[in-house]
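Keeping their order, the protein sequence lines are chains A, B and C. For the first sequence, our numbering assigns the number 4 to the initial residue and increments by one for each residue that follows. For the second sequence, our numbering assigns the number 4 to the initial residue and increments by one for each residue that follows. For the third sequence, our numbering assigns the number 11 to the initial residue and increments by one for each residue that follows.
Hints listed in this document are in silico derivations from the structure and should not be mistaken for laboratory results. You may find that some hints are simply not true.
Stated by the list, open to error - Pairwise CB distance ranges (calculated):
#1 A/ASN320 <-> B/ARG53: 51 to 57 Å
#2 B/SER330 <-> A/ASN320: 27 to 33 Å
#3 A/ASN320 <-> B/ARG301: 36 to 42 Å
#4 C/ARG142 <-> A/GLN75: 55 to 61 Å
#5 C/GLN127 <-> B/ASP354: 31 to 37 Å
#6 B/ALA263 <-> A/GLU58: 21 to 27 Å
Stated by the list, open to error - From chain C, some residues computed to sit far from chain B (all C-beta separations above 12 Å):
#7 HIS70
#8 GLN145
#9 ALA160
#10 ASN174
All residues carry an ideal CB built from backbone N, CA and C; glycine is no exception.
Spelled out, the chains give:
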Amino acid sequence: SIFEHKQEARNPFFRVVELTDQTDDPAIWGKNFPLQYDDYRRTIDQVRTRYGGSEAMERTPTQADPRSVVAQSRIEEDPRLKIMWAGYAFAKDFREERGHAYMLDDQTYTERQKVAQQPGTCLHCHASIVVPYEKAGNGDLVKGFEKFNQMPFAEARKLVTHPVACIDCHEPTTMQLRISRPGFIEGMRALKASQGIKDYDVNRDATRQEMRSFVCGQCHVEYYFKGPEKRLVYPWANGLKVEQILAYYDTEQFKDWTHADTGAPVLKAQHPEFEMWNQGIHARSGVSCADCHMPYKREGATKISDHHVRSPLLNINRSCQTCHKWSESELLARAESIQERTLHMRNLAMDALVELIGDLKAARTANPPPPELDRAQMLQRKAQFYLDFVEAENSYGFHAPEEALRILGESIDFARQGQLAIRPATGQPVPQASSLEDQCTVTR
Amino acid sequence: SIFEHKQEARNPFFRVVELTDQTDDPAIWGKNFPLQYDDYRRTIDQVRTRYGGSEAMERTPTQADPRSVVAQSRIEEDPRLKIMWAGYAFAKDFREERGHAYMLDDQTYTERQKVAQQPGTCLHCHASIVVPYEKAGNGDLVKGFEKFNQMPFAEARKLVTHPVACIDCHEPTTMQLRISRPGFIEGMRALKASQGIKDYDVNRDATRQEMRSFVCGQCHVEYYFKGPEKRLVYPWANGLKVEQILAYYDTEQFKDWTHADTGAPVLKAQHPEFEMWNQGIHARSGVSCADCHMPYKREGATKISDHHVRSPLLNINRSCQTCHKWSESELLARAESIQERTLHMRNLAMDALVELIGDLKAARTANPPPPELDRAQMLQRKAQFYLDFVEAENSYGFHAPEEALRILGESIDFARQGQLAIRPATGQPVPQASSLEDQCTVTR
Amino acid sequence: MVESENAESSIKPATSVTVLLAIVLALAIGSTVGLGAYTFTYAHGASYFSNDPAACANCHVMRDHLDAWVKSSHRSVATCNDCHTPPGFVSKYFTKADHGFFHSLAFTTGAFHEPIQIKERSLRVVEAACRRCHQDVVHQIDTGTTSPLAMSCTRCHVDVGHMN
Ligand SMILES: [Ca+2]
Ligand SMILES: [Ca+2]
């Protein structure tokens with residue numbers, strides 16, 4: 004009743020336990036902040052939206068993989084993905100991502116662990132790792148990070164217990180947002196340097212509104228493992244746009260793998276939500292990840308951030324209507340029409356790429372192989388990275404609708420040019436038995 | 004009360020002269036509405052924005068063309084347009100459009116009049132034509148319209164005096180907006196019919212807010228001349244999207260001309276502002292043409308619609324800032340970044356099309372011509388219409404940024420597929436002198 | 011879109027009046043039983059009949075709107091009731107009773123859509139209020155229709171009363 008409302012209004016929360024830099028168990032934080040904790044735990048929910056969320060698929064647990072529920076397989080939904088990733092672990096197992104509660108298990112038990120030997124680096128984004136890093140580095144976060152990177156995954160895995168938890172985003176005494184991930188700290192420093200800003204320190208220099216996106220950018224980004232130290236690096240030294248990231252990889256002469264069918268030195272793009280969001284109108288308007296994925300909700304007289312991080316389309320009134328006057332159904336329709344258009348172009352780009360891969364496969368066996376084979380392979384690298392940059396981005400274009408369509412359009416152009424590169428020029432007749440005869444008679 | 008106020012509002016205008024359905028001279032209307040008339044006359048201004056407006060180019064008047072100032076030539080700015088339009092009047096003269104004051108002269112004196120025999124139909128959108136139509140039809144607007152369509156341009160031209168004027172958009176006694184153009188009335192009826200709405204009457208059924216865009220849609224649309232009667236038809240019977248319009252032309256087996264270099268049956272898209280705006284977020288949000296191109300302005304004690312119809316980027320504070328709180332420079336930057344992205348993709352699509360045209364040219368002379376020649380020609384028709392649909396749309400993508408990029412991406416795909424269609428399959432070696440020798444020795 | 015010609019025209023005083031009077035009187039003599047009435051008095055129901063914006067902000071759910079109003083261009087020229095209540099004793103107090111009584115009810119039960127959205131009828135009241143003060147400014151553009159929603163001011167000036 005209204006009486007309680009007024010009571011709550013006076014004192015939103017009071018602390019019952021003390022929290023330190025060693026407290027990584029979210030349940031303990033939950034004693035002070037039960038409302039946020041309750042929502043946080045609800046990330047186990049699996050609800051599917053038209054293009055997002057995730058579907059709970061039953062499976063019979065095995066010794067090797069005790070999970071009784073997983074998310075739907077993306078490579079079964081669209082087998083063209085297996086052709087794009089031929090020769091790489093993703094062709095074996097790639098699923099729709101689901102809530103934060105699952106991040107540790109899904110990483111531990113994915114088939115990708117079996118077909119390839121993964122480093123401890125992986126845990127940077129799948130576990131509550133502030134305390135483990137500091138332990139491993141004897142109080143030095145970065146040293147701990149480097150130690151983890153060089154361990155085999157299985158060994159490193161033993162040192163972590165929780166998925167992302169309170170301490171990964173919050174400073175325990177003030178509850179201020181805090182960046183805990185070396186990958187992001189170093190990535191932002193490189194990015195700002197490219198813009199002429201010297202030794203940028205995200206925890207010192209970022210505004211509060213920026214932090215509401217940066218805490219997510221700690222993990223929802225494109226990345227690679229650099230050198231034998233398997234250091235986690237965010238490829239931002241030239242900027243966040245797809246062409247700037249590709250240029251970075253080209254100068255580093257980096258490839259994720261050699262394509263099994265075509266021999267092209269290809270790359271795998273991974274969840275560049277932060278990079279794409281940066282190219283969109285919402286970022287430009289100062290709208291943060293948390294504004295949409297952790298909107299304020301009223302609990303009695305206080306407003307809290309919804310810690311049930313999920314698709315905003317499951318929560319449109321809080322996520323969108325604070326800024327947009329349109330009805331829930333209209334806002335849903337607007338988001339889905341952006342996603343539908345993106346998916347349509349993504350499918351055209353996928354077809355073009357698959358056809359290029361087919362042509363390259365044929366061309367390699369031809370004798371003599373076409374002179375432009377290398378150029379065509381480099382065009383596959385380009386077309387594929389551009390396509391995957393949108394494919395791997397999990398909003399189906401919503402975070403930056405125009406940028407997504409621009410990238411897909413260019414991807415189509417690269418793929419088709421690759422096909423053209425290894426075909427004889429137009430007007431040159433296909434050599435036919437007959438025409439050959441003629442030429443022979445001539446030479447006689 | 005609201006009612007009383009409304010009654011007063013009904014006829015708020017102090018009139019010094021009476022206006023009838025015969026009054027086509029705007030100067031007379033101007034006696035009653037001096038503010039609107041003054042702004043209306045200012046459409047003679049020529050100011051260039053980054054992608055729009057128009058530039059005043061001096062020229063020495065001739066007998067044939069007395070204009071002392073014209074807008075810049077688009078085909079000189081980008082000669083690839085001449086290749087796209089090879090064999091069509093637009094390859095001779097195509098200029099940036101400018102203010103309403105010039106519409107009648109620019110149409111009368113364009114070089115396109117000299118290289119082709121144009122019908123009276125043209126005047127539908129370049130003159131104040133309500134009174135002339137009714138005169139020609141003895142009081143029947145549509146009859147007059149049909150008469151005009153069948154006259155040669157020169158003859159019809161003698162029957163009109165003013166560019167678009169008050170009477171073309173307003174009902175003279177109430178000043179309410181009114182649709183006077185048969186082309187639009189019939190086009191909307193066909194469109195609505197395709198949506199299951201029977202005999203739609205735009206002047207009876209449209210809301211006031213819709214009318215604030217429909218008056219512009221009378222002319223800022225794609226069109227063609229149907230049959231020997233040269234009837235002006237807006238190709239909307241399947242819908243307003245580019246693929247729906249192309250499908251309409253395909254079933255009508257219509258072509259604007261046969262491409263000089265390739266023999267393809269091609270189409271010319273023209274200023275589909277209304278169609279593209281309809282696909283954009285602003286239309287979806289109920290924002291009309293007049294909201295941006297005729298924003299309200301304070302004149303003394305009252306607000307009026309700015310009848311100086313022009314680029315909103317020359318008037319950002321009134322055109323954009325009532326709805327968007329961003330600074331003028333930020334709003335300008337947002338619009339230009341949309342246009343820049345569109346232009347970038349438009350250029351890629353233009354390159355792809357020009358390359359296809361080159362290949363087709365070569366393929367036609369080849370002996371034997373490649374079997375897939377027809378398919379490649381149809382792909383040129385598609386690629387070219389899609390590209391021109393964005394090229395001819397005068398906002399450089401602003402009216403519907405995502406739709407413009409979608410269309411350009413598909414255009415690229417069509418053009419490249421056209422090139423591939425007429426090339427020998429990959430893996431088939433280019434016949435080389437040497438390899439021929441070998442084969443000959445074999446046969447020996 | 012916010013605006014639509016079909017939206018039929020403004021309040022029908024005739025029918026409303028009786029209903030209104032009933033409610034208004036009922037409230038005035040506080041004889042209505044149940045939570046609504048309890049809340050009404052608790053939330054300084056009496057202050058409903060004043061023009062003090064604070065009266066509205068007795069409800070924390072109205073707090074945001076008060077804050078947004080304080081930031082708006084109308085802060086110094088119009089209070090809540092200038093925009094949210096129609097002129098004329100009866101309809102004015104009916105609307106207040108609506109905000110007071112039904113909002114009290116909604117507030118107490120917590121059964122309302124968040125974020126709070128203006129109802130079409132209330133929007134009509136607001137749209138009429140704009141015209142009350144700005145007739146001179148808009149008499150040329152606000153023509154040819156009997157529904158204030160047909161030519162919506164708030165379509166463009168959405169934040170004159172509440173600047174977020
Ligand atoms: Ca998901
Ligand atoms: Ca222009």
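Here's how the hints hold up against the structure:
For A/ASN320 and B/ARG53, the hinted distance range of 51 to 57 Å is not satisfied, since their beta carbons lie about 39 Å from each other. Between B/SER330 and A/ASN320 the beta carbons are some 30 Å apart, a value that agrees with the proposed interval 27 to 33 Å. At roughly 37 Å, the beta carbons of A/ASN320 and B/ARG301 sit within the given window of 36 to 42 Å. Remark: the range hint 55 to 61 Å for C/ARG142 to A/GLN75 is upheld by a beta-carbon distance near 58 Å.
A hinted range of 31 to 37 Å for the beta carbons of C/GLN127 and B/ASP354 is inconsistent with their spacing of about 49 Å. Checked against the given bound of 21 to 27 Å, the beta carbons of B/ALA263 and A/GLU58, roughly 56 Å apart, lie outside it. With a least beta-carbon separation of about 26 Å from chain B, C/HIS70 lies farther than 12 Å from that chain, consistent with its non-interface assignment. Once the 12 Å rule is applied to beta carbons, C/GLN145 is inconsistent with being away from chain B; the minimum gap is 7 Å.
Its closest Cβ contact with chain B, about 6 Å, brings C/ALA160 to no more than 12 Å, contrary to its assignment away from the interface. For C/ASN174, the condition that its CB be more than 12 Å from all CB atoms of chain B is violated, with the nearest at approximately 9 Å.
Hint compliance for this structure: hints 1, 5, 6, 8, 9, 10 are not met, and every other hint is.
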